[in-house]
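Trainee: On the provided structure of chain A, position chains B, C and D as indicated by the hints.
4 protein chains.
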Amino acid sequence: MAIRIFVTGGTFDKEYNEIEGSLYFKDTHLPEMLALGRCKVSVEILTLMMVDSLEMSEADRDLIVEQCKNTKEERIIITHGTDTMEVTARALGQLIRDKTIVLTGAMIPYKFGSSDGLFNLGSALAFVQALPAGVYIVMNGRYFHWNNVRKNRKTGEFEEMRRED
Amino acid sequence: MAIRIFVTGGTFDKEYNEIEGSLYFKDTHLPEMLALGRCKVSVEILTLMMVDSLEMSEADRDLIVEQCKNTKEERIIITHGTDTMEVTARALGQLIRDKTIVLTGAMIPYKFGSSDGLFNLGSALAFVQALPAGVYIVMNGRYFHWNNVRKNRKTGEFEEMRRED
Amino acid sequence: MAIRIFVTGGTFDKEYNEIEGSLYFKDTHLPEMLALGRCKVSVEILTLMMVDSLEMSEADRDLIVEQCKNTKEERIIITHGTDTMEVTARALGQLIRDKTIVLTGAMIPYKFGSSDGLFNLGSALAFVQALPAGVYIVMNGRYFHWNNVRKNRKTGEFEEMRRED
Amino acid sequence: MAIRIFVTGGTFDKEYNEIEGSLYFKDTHLPEMLALGRCKVSVEILTLMMVDSLEMSEADRDLIVEQCKNTKEERIIITHGTDTMEVTARALGQLIRDKTIVLTGAMIPYKFGSSDGLFNLGSALAFVQALPAGVYIVMNGRYFHWNNVRKNRKTGEFEEMRRED
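Protein chains in written order, with my numbering: chain A, 1 to 165; chain B, 1 to 165; chain C, 1 to 165; chain D, 1 to 165.
The hints are simulated quantities; they were obtained by calculation from the structure and are not laboratory data. The reader is advised that the hints may include incorrect statements.
[Stated by the list, open to error] Listed next, the in silico BS3-like pairs over lysine-lysine satisfying Cα-Cα at most 27 angstroms (straight line):
id, chain 1, residue 1, chain 2, residue 2
1, A, K99, A, K151
2, A, K111, D, K99
3, C, K111, D, K40
4, B, K40, B, K111
5, C, K111, A, K151
6, B, K151, B, K26
7, A, K26, C, K154
8, B, K40, A, K111
[Unchecked claim] Sample of chain D residues with no beta-carbon within 12 angstroms of chain C, all distances over it, derived:
id, residue
9, S22
10, L34
11, K69
Since the structure is predicted, the reported quantities are computational estimates derived from the model, not experimental observations. For each residue, glycine too, the CB sits at the ideal point set by N, CA and C.
The shape of chain A in the complex, shown without the other chains (with noise of 0.2 angstroms):
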């Protein structure tokens, strides 16, 4: 079972530049991680964008809902950044309902040493193998429904927007 991971960005990519002493994208940090972990999935990954899910625009997101439409895997993870994660998550949801998509971010750049970043891409991979067909955000160790989350932004922790029972 192979899985597609899509990267868009997000603070998991994010890197200092000593010269500038700012924050910015150079290549995605996935294979890395995917080393560290040891991971023996079979998985393709494909950058799609490097941005900050702040500057994310419309045309993004029909690219992002295009290709996880068109890939042939019926399993596939896409990181990305936190803020505005759950608006591209309801733009799949409202579109694909054939497959298992997970979005996963993280909250603290994977090369800043105590990142989070390790433990979601552990979650994400998980996730998107065991649970079925639909569109979810994982973060935190948990799983949310694309039509039931948001970020808090003073935490920045995700949460449910109405309890479920």
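Mentor: Using the frame of chain A, we list chains B, C and D on its own:
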């Protein structure tokens, strides 16, 4: 849905004794790892033992089985040395059928910087939430049924004993 | 021989704000870094300010000079942003001649895992003990006299303004 | 002023064998550590041996003395296990008086994340440039003369055998 975590030792929790220049166990790093992963899943952690799994006795395994039976949680993670993880999985699998139990571990100690532990913990927490009742080993981003897994001693990776078709 | 350490901020002490996704200052990491280095030199640490050195004012520099003059220790380390480290070194070098003062910093924040900060701190502590009275910049394993040093903006490295023969 | 670095092993360069679960030597991490420190001092690195200093023989020490005598550089760093560092320092101190030789090491392996190695290497590089001819041990941010130092086996720290007044 609270998750029970039983700690038994293994490479996960090994530390470096700088006076002796040797490896040893002190306390578990599970709470620190869950904090790093910003984990918001409700978990209860209990340390059952702190041993290298090559030194795990029959009595140790009996204790693990007993604890899994008696704990009220129906989803359980066991951190365990990789060398005899499959033995403990079999002991559990033959006796417990109504809970989801995931054994996981690490090839590199968490304290040694470039560990696979955080990735495995993320995977284990996700699989234990999403898989049906049964006993599983979760390593390398994958899950294995207790009755069809062995550690490859040369590569250090887990693999199926026979391919399931 | 006690050593005085004055903290002024700079990349050394920058942290990542995971809610804002930006860099900021909180507390100095000097005590943590000295503990990691198992440093047994007697030091007194005082935070004078926490600023990016591009935003350091004349009044800030006057304060640094004043503090160096007035402290009873004759050997002083100043942690400082690298962008204007040479300016502060000149302000000190023109006015203080009877103490050994070492300015040091980092290109990568200490909290970002692969920082040069611990190496620079080790160098600074050694040079401040072994060099005669004077004002120096210590970076890249080297020491430079206050009146013959500049930061190369392209490489991020410090170099002599003229070769000393 | 080029500096010679002789590598002899010790905790500095120990690695974790994930198949065996034990500590071992592979290659020295000195070049990687110097790169991390953005070191711009001209150095020549030569690995003489890769041993735990408890297993260092008389022949090993003779080789170290010989190499220090014969190398053309007048400033030399030796990375060395801490357990018998003082023995090698004495062997060198009794025979070589016209070069500045610094022995240094680490209590925690460099590869284990929270090592004192980078701090010690920064100190050693600074002291070897700034101290007069003589043989020294550099640990814990301090330097010790070869004929007045011992490792405290309980604390793991180096200390003077008698206070120098």
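Trainee: Which hint numbers does the structure go against, in order from smallest to largest?
Mentor: Hints 2 and 10 are the ones this structure does not satisfy, whereas the remaining hints hold.
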